[in-house]
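*Asks:* Chain by chain, the residues run as shown.
4 protein chains.
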Amino acid sequence: MPEKSLGVALIGTGFMGRCHAMAWNNVATVFGGARPRLEILCDADEEGARQFARQSGFARATTDWRTALGDPQVDIVSITTPNGLHREMAEAALEAGKHVWLEKPMALTLADARSMAAIAAARPGLQTMLGYNYLRSPAFQAARNLVAGGNIGTPLAFRGVYDEDYSADPDLPWSWRMTHEAGGLGALGDLGCHLVSQMLALMGPVAEVTAMTQIAVTERPSPEGMRPVENEDSALALLRFASGAQGSFATSRVARGRKCRLQWEVHGTEGTIVFDQENMNELWVHRKGDAGFSRHLTGPEQPDFAAFCPAPGHNFGFNEQKVVEARDLLMAIAGEQNTGPDFAQGYEIERIIHAMAASNGKPMKIEPRNDE
Amino acid sequence: MPEKSLGVALIGTGFMGRCHAMAWNNVATVFGGARPRLEILCDADEEGARQFARQSGFARATTDWRTALGDPQVDIVSITTPNGLHREMAEAALEAGKHVWLEKPMALTLADARSMAAIAAARPGLQTMLGYNYLRSPAFQAARNLVAGGNIGTPLAFRGVYDEDYSADPDLPWSWRMTHEAGGLGALGDLGCHLVSQMLALMGPVAEVTAMTQIAVTERPSPEGMRPVENEDSALALLRFASGAQGSFATSRVARGRKCRLQWEVHGTEGTIVFDQENMNELWVHRKGDAGFSRHLTGPEQPDFAAFCPAPGHNFGFNEQKVVEARDLLMAIAGEQNTGPDFAQGYEIERIIHAMAASNGKPMKIEPRNDE
Amino acid sequence: MPEKSLGVALIGTGFMGRCHAMAWNNVATVFGGARPRLEILCDADEEGARQFARQSGFARATTDWRTALGDPQVDIVSITTPNGLHREMAEAALEAGKHVWLEKPMALTLADARSMAAIAAARPGLQTMLGYNYLRSPAFQAARNLVAGGNIGTPLAFRGVYDEDYSADPDLPWSWRMTHEAGGLGALGDLGCHLVSQMLALMGPVAEVTAMTQIAVTERPSPEGMRPVENEDSALALLRFASGAQGSFATSRVARGRKCRLQWEVHGTEGTIVFDQENMNELWVHRKGDAGFSRHLTGPEQPDFAAFCPAPGHNFGFNEQKVVEARDLLMAIAGEQNTGPDFAQGYEIERIIHAMAASNGKPMKIEPRNDE
Amino acid sequence: MPEKSLGVALIGTGFMGRCHAMAWNNVATVFGGARPRLEILCDADEEGARQFARQSGFARATTDWRTALGDPQVDIVSITTPNGLHREMAEAALEAGKHVWLEKPMALTLADARSMAAIAAARPGLQTMLGYNYLRSPAFQAARNLVAGGNIGTPLAFRGVYDEDYSADPDLPWSWRMTHEAGGLGALGDLGCHLVSQMLALMGPVAEVTAMTQIAVTERPSPEGMRPVENEDSALALLRFASGAQGSFATSRVARGRKCRLQWEVHGTEGTIVFDQENMNELWVHRKGDAGFSRHLTGPEQPDFAAFCPAPGHNFGFNEQKVVEARDLLMAIAGEQNTGPDFAQGYEIERIIHAMAASNGKPMKIEPRNDE
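Chains as they are written, first to last, in the numbering used here: chain A, 1 to 372; chain B, 373 to 744; chain C, 745 to 1116; chain D, 1117 to 1488.
Since the hints were derived computationally from the structure, they do not count as laboratory data.
Ideal Cβ placement from N, Cα and C applies to all residues, glycine included.
Everything hinted at is true.
So the derived list for chain A, only partly shown, Cβ under 10 Å to chain C, looks like this: (1) V285; (2) D290; (3) A291; (4) R295.
Use the sequences and the hints to build the structure in full.
*Replies:* Encoded structure:
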C-alpha cells in the first residue's frame, strides 16, 4: 500500500456517503499504508454536513461542492450524490485535477457518460473509479479468478439476474426517479448495471444484446394525482459475447421477496460456478468429476478477506466491499493497474444497458471499446 | 376412481417402460378404483419381454408391437419407445381404438406432431396423455394452484431453466440422437419441452419467442471418426405471453453439475413462487408482507400427496409422479376432464420448442391453439 | 435376485400396510427375480380387506390374522398393525414357520422385544426384518459406506436428532398412544428408534447413554376431561460408543415446523458427513483439503438408485425405501446376509431407547449384543 | 448516542485489535454521537505499534500497557491481548478508573474470572464489556427479541453447537494454548463460551449441566518431540434451564469443514427459530400455522441494521458486530442499561463452561448469579 497520505473530499451523506466515510476511515487499518486525510465533507444541509464531518472525522465541512473540489488539500473526490448530479460534479472534479470515486450509475444518459469518459481519457494522470461494490467481495473475486484461470474450462454460457422488490408495492408514491429526464433508466440503471459489471468481468465483452422491458406498475400516486412511470420496472435480455459464449440476463425492481438477488452462474466446458449476493459469503463450484456442487465459504484463501479477518466462515459484509474499492483506487493512484471500472469501462456498461433499454426485441450490436 | 378395470399394453422396457410398469402396478393401491389388467408387454427382445412381463405382472409378452395394439383385451397402450417410433405407434394405437399414454417428446418433427394431434382430434372418444411427469408432483400442482388462485396476484414474469449435464463430456460418443433426422431437437426436445409444459401450466399461452441456440461440442467421436453434432446443446429464449407477462427461458444438456435442474420462478404482483426439481419436495413462496421466502415441504396439504403417504416431509419420489399421471389418464377415460397434456396440448409444446430452434435471434409468433 | 416366487400375507392396510403393498408389487420390476405372489390380505374390516386386496392384487382377503399366518401358500408375513399387536402376531408367524417383516417399533416393552428376539433366535431358518425404512435410501447407504470405508477417517463424534411436530398442538386430543401400557415409549419409541438404527449403522455399538426426557404437554383433552400424557414428548442424550467416539442425540414430537427432520452428522478424523431426511436426496460431504462441503445429489452411483432410475438428480421417494427393504428380506431368505435390523438387532435398539427413557440424567451402561 | 467524546486506549494489534480499531473508527459514523478520541495504541512491538497507530488514527503509541492504562486522556481501555494477560490488564484498568472492553474468554481460570468480577462489582461507576460479538448481529438480536416477546410461545428446548476445524489437522504443532496452565479450557473456552452467551440470552439461566469432553488428538509435534494436548478438543452437554426447559450443547475445534458453525435452534410451544452464524444474515422462523420455515434475510427491520445500511439483503459483516458492541459500551457509560455481558455475566458464562469441563458425565448444579 502507498505510504503517501492523500486528502479526501466526500460529497453526500446518504447511504453511499456513509459507506464511503466508513471505507476512508478503515482502509489503512485493513490494508496498511498511509491513512487518508479526511479533509472536507460536503452536504447541502449545513448543520448535517458539520455533524457528519465531526462524527466521521472530516476536518472541514461545506455546503458548496465546488469549494470541496477546489480545496488544495484534496486529492480525491468521493461523489455520492443523486444520479442527476454525477456528470457535472465528476467533470468538474477532473477539471480541478482530482481523482474521482463516483457512485453508479455513471450518468443519466448515454451522452453524459460518453462526455465523462472523454474528459477522463484526456487526463491520463487522474484515476477514476465507479462504485460497483459487488466486484470487490472476496467470493466474487475468487469466482472471477477461477473463471480467468481456466478452472471451469472455457465459458460457454452466462445466466444472470439482479432482482429486488423495492418498487413492487403499487402504492409506492410516484417520484422523479421514475422519469427518463431525472431518473434515467429504471431497473437497468439501478440494478442491471451491477449485473453487467460482473458479467463483463466474468465473460469479457458483449457483442450483441436482444432485450425486452416491462413497466409493471404503469402509474403511481402523487400529490397531483396518478402520474405515469416512464422507466422500466424490469428487463430481460439475450446476449452474445465476443467470445462466442451466450447468455441470459434479467433484472427487476418489482420481484416480490427479492432483496439483493444478484445471482448468476457461469457454465464452462469443465465446470460451473454459481453465486448469489444475498448469500455473498458462499460460492458454489462444480468441476468435472466432482460428486456435486461444493459450497465455498468466504475465508482467507479468497482475495482480500484475510486483511479483514483471519478466520474463515466469519462473514464479510456489504460495507466492507467499499473498503476494497477504496484500496483499489489508492493503488491505481500509486501507479498500479486500475482494476476499474473506470469511466471508460463505465461507459461500456452504460452502452450495454442503454442498448437493452432500446432493443424492444431486436438485436443490438455492441461496439468494442476504443481502448480494447 | 373408476371401478371398471381396463386392460393395458406396455411397449418398451427401458427407463420409462419400467416407470410405466410401476405406475400401472400401484395406481389402484394408491388411488383406489379398479386395478388395471396388465395384459401384454412388448419389447424387441423376446426373452427380455418375457422376463419383464413375469417380473412386472403382465399376462403375455410379444415382440410385435402391432400384436399388442391389436389385442382385444387392451384398452390403453403405454408407448415408451425411442422418439423416432412415437408417431407410427401412437397413430396405429389410436386407429386401433386404444387410449394412448405416450412419452415425450411427442415426435421428431413438427409435421409428425401435427399429424398425431389431428388423428387424435378425429377420435374424441379416445384419450391421449403425454408423459410430462413433472406436472404431477404435489409441489408443482400446489404451485400451479397458488398461481391460478391468485395467491401471488397477477403473474408478471416467468424465469425458467432446465439444465442437465449428460452431454457435457466432449468424449461422449456421437449418436444418432444428435442428428436432426433421427434425434429431432436436442436440449429443447429432451429437456426444454418439460419446462414449456410447466410454463404453460403456470403462465398460460405463449404469444412470441425470440431464441438463440448453441452447439457446445460440435463433433464427437464415432467408430468412423469424428462426426458432427447437428442438434442444439443449449438454447436461450425471451418470451411474451398472451397475458402480457414476459419470460426468460434456458435449457442445456452441457451444464456441468446440473442433474435435473428444472428450476423456475414466477413473479406476481403480490408474491413470488420458486421451484427446483432437484429438490422437488420443496416449494418456496413469498407473499407481500411476509418477512422472507417460506419453504413449503411437500405434505398432505398439497394435491395427491396424502394418497401416497399421510406424513408431511416424507419425500415424494420421481417415479411416483407417473402414478399420478396414470390416475389422470384413467380419470379422463372415465369421463373426467383430461388434465393433459393430450396430443393437442403436446402439439402446442412442440410448436414452441420448434419456434425456439428456428428463431436464431428473431421474434417468432406462436399462434393460439385451435381448441382455445 | 432369487428366481423362486414366495407367497406373501399382509396384515394391516393403513399407512404402512399400503407401503408394504406397493413394495411387494414393485420389488421384482425394480430388482428383477421372481415376482412375489400376493396371497392373502388381512384387515379387521371385512369389506375394506376385500377392496384393498382387489386394488393391490392380493388373491384372497380375511379378517382373521391367524388364517393369514396359517395359509400354506404364505412364506412371508408383513405385519403393519398397531404396536400393541406386534409381539403376538410376530411370534405366531414365526411359530407358524413364516418369515416376518415387522414394522417398528418392535414392541411396547423391553420384555416383549426380548421374547421376540429369543423366539426368532430359536428359528435360524426364518428371517426377520424390522421396518427401519430410513436405512434403505441411497443417500443413507452411501453415507454408511463412506464411513465404513474410512472415507472420513476414524469417526470421532455423532450428532443426531429426529424431530417432528405431530404432537405440538396442545389441543390434540389425548389418545392411548400417550400411555405407557398401550403406547409404550413416546418420541423415543416412534422417532428416536429410527435415529438409533442409523446411529448404530454409522457408529457401531453404544456403550453408555445419559439422557433426560420431557413431557411438554402434560395433559390433553379427552371426552372424559383432561387426561395425563405418560410418555415423553422429547428426549436428549449423551452417548459413549464402544469405539470411544462420543455423541449427542435428541428427539422430539413437539418441534414446531419439523416434519421429518431425521438429521445427523458424523465427524471423522478426515472428514464430515451430514444428512437430513427432509432432503433425503442430498448428502453433504467434506473431506480434508476440500474447499467446503459438497452436495451429493442422489444418483446411480449411490447404492440401489440405478434400479429405480438411471438418471441422477431424479428424486428417490420415501415409499421406495420400502422396496429396497423388501428386496433385502428376499435376499436374506435366499441365503444372503440379512442386512437387518432383524429381531436381534431390533432388541438392541429397544435396549438403547429404553435406557434413555429410564436414565433421568444418570449414565446407563448398554451391554453388548450376545451375537456380537 | 452520547455527545461527550471519550478517549480510547487499545492494547493489542492482532485479529481482535484490528477489529476494535475499526469499530472505534466507525461507531460514530454509524450511530452518530461524539466520535471517540483514539488516544493511545499499545503493542509489544514498538515499530508495529507506531505503524498501526498511524494507520488507524491513534494519536500515540506505546509498548508499555501500564502507560496506556495510566493515560489521563483515556476513558476506555480495549484489551485484545492473549488470554493469559486478561486478568492482570483488566484489573489494572479498573483500578486505574477506566471502563474496560475485554475480549473473551474472560480469563484462564474460574478463580481469575471470579476475582475480575469482584473488582468490577466494587466499581459500579465503571462499565465492563466482554467481546461476545455474536450477540450483536441484527439476526441474533431479532431472534432474541422474538423469543423474549413470546413470538414462539414458551421455550421448551435449546439445541446448540459451535464447531470449527482449526485444530482438526493432527500435524498442527503443539502450542501453549493446548495446556491448562497457559491456555485454560480448549474448545469450551474458545468456542463454547460464545454458544453459552447466546444460550443465556435466549433461554435464561442454566440450572444444571451434564457433560463429556474428548481430546481427539492427544499429542502433537513440537521441536522437543511429541507433547500432550491437555485441554478438550470437543465437549457435549445436556442442560436443564432454570425455566424448566432442556437443552443439548456441543462444541468442537476438530469438526472438519466447519468454519464458524455457531448453530442453534429454540423450540417453543408456538414456534421454532433456527440460526447458523456461517449464514449470519439469515434467520429461519416457523410459527404455528405457517406452511414451513421462513427465511428472514437481515434488513432494516432487524435491530441496528439500518444504521449500517438502509437496504435489506445487503449482508451485515462479522466485523460490524463489533461496532454495535462499541456502541453498547458507549451507551452504558452514558448511563443506559449495560446490555452485557459485563464481568458479572462473563463470570456466569465461565462457571458454566468450567462445570462442563469438570462434569465427566455427572450432573453439575449451576448456582444463580448473585445479582439475579
